[in-house]
Amino acid sequence: MGLLNFFRGKKENTAKLAKERLQIIIAHERAQNRPSHEFLPKLEKELLDVIRRYVQIADDAVKVKLDRDGDVDVLELNIVLPDQVAKE
Amino acid sequence: MSKILVVTSGKGGVGKTTTSASIATGLALRGHKVAVIDFDVGLRNLDLIMGVERRVVYDFVNVVQGEANLTQALIKDKRIENLFVLAASQTKDKDALTEEGVKKVLDGLKSDGFDYIVCDSPAGIEKGAQLAMYFADEAIVVSNPEVSSVRDADRMLGLLASKSHRAVNNMPSIKQHLLVTRYSPARAEIGEMMSIEDMMEILAVPLLGVIPESPAVLNASNSGQPVILDQESDAGQAYADAIARLLGEERPLRFLTVNKKGFFSRLFGN
Chain A
1 MGLLNFFRGK KENTAKLAKE RLQIIIAHER AQNRPSHEFL PKLEKELLDV IRRYVQIADD
61 AVKVKLDRDG DVDVLELNIV LPDQVAKE
Chain B
1 MSKILVVTSG KGGVGKTTTS ASIATGLALR GHKVAVIDFD VGLRNLDLIM GVERRVVYDF
61 VNVVQGEANL TQALIKDKRI ENLFVLAASQ TKDKDALTEE GVKKVLDGLK SDGFDYIVCD
121 SPAGIEKGAQ LAMYFADEAI VVSNPEVSSV RDADRMLGLL ASKSHRAVNN MPSIKQHLLV
181 TRYSPARAEI GEMMSIEDMM EILAVPLLGV IPESPAVLNA SNSGQPVILD QESDAGQAYA
241 DAIARLLGEE RPLRFLTVNK KGFFSRLFGN
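Residue numbers (the working numbering), protein chains in the order written: chain A, 1 to 88; chain B, 1 to 270.
It is possible that some hints are incorrect.
[What the hints assert, rightly or not] Computed footprint of chain A on chain B, listed as stretches where at least three residues anywhere in the stretch have a Cβ under 8 Å from a Cβ of chain A: (1) 153-162; (2) 195-205.
[Said to hold, decoys possible] Beyond 10 Å from chain A on every Cβ pair, some chain B residues (computed): (3) SER2; (4) HIS32; (5) GLU81; (6) THR91; (7) PRO172.
These aren't lab readings, by the way, just hints derived from the structure by calculation.
All of these numbers come straight from a predicted model, not from anything done at the bench.
Glycine residues also receive a C-beta, built at the ideal position from the N, C-alpha and C atoms.
Whenever a hint applies, use it, and build me the whole structure from the sequences.
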């Protein structure tokens, strides 16, 4: 095969391969190591405190989730109010 | 105003110490007062590259632990005015460095009127590397055009943006620079090595310089002379260009293309 490539004048471009592999693994690792995830527990706690000034809610009533949709970060908030308040 | 620079990479053997020595020397050649600190406790090497290995009496850890003061531990370079080396300890273990201890030494250097403090980071992302970058104002991330080195460089860039003193205290972020070392234009041209464009596209950090693969680097380390002092050499000139850019000057990139040898130079060598 080496001989064949020699006569074709064609060479495998390993630099291109390196770049493609790096782009995939780095995108993956950046998503995992993103520092923005670190503030989520604190945000959750503070939201809980603010809401409790007005409504008494359970400790696990606030759920915060950060997702990635293509190039956009999506912050999802899910707050469960107790039944009585919801009826009023 | 003192500026703290960290030279880091994640991966070992890419040229951090070579770069620290040349950056510190280059800044001193430009008239700045510079200290260069080896953070690789237990594996001291900057002293050799700077050619001061026989003059180490006290080291970084001695100062941190109060066994010597800065004036005693700083080794004055004999070639260049205003250049000082602070060696790493060869005997102590890596836990000898603490955040408070490092801060004390850096503050001492600042009040001694140093313009630049260059921190030569150990490889890895453990404590020594974290402390080397923690107080930095600017970071030079060194990478070879090779997959594992680029991946580790990206990881370091992430840590600089999240785990440094500036990041933790919501201050303006560390200014990041990419320095590519051991670049071989001939191999990049035939697709055997990632090009500078490839690396910049992946890492997305401003380019401080490109140091070509060069025999001058080993010659320099053999003789304990930072390679930037060899201004005949391509690597020495490339480091001088990087210093100019670090100081805000515009310099075109050099040594990125293959020198086509003519028929006669092929025949007679050189």
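A quick look at each hint next to the structure:
| no. | hint | in the structure |
| --- | --- | --- |
| 1 | 153-162 | holds (count 5) |
| 2 | 195-205 | holds (count 4) |
| 3 | SER2 | 27 Å, holds |
| 4 | HIS32 | 33 Å, holds |
| 5 | GLU81 | 42 Å, holds |
| 6 | THR91 | 35 Å, holds |
| 7 | PRO172 | 16 Å, holds |
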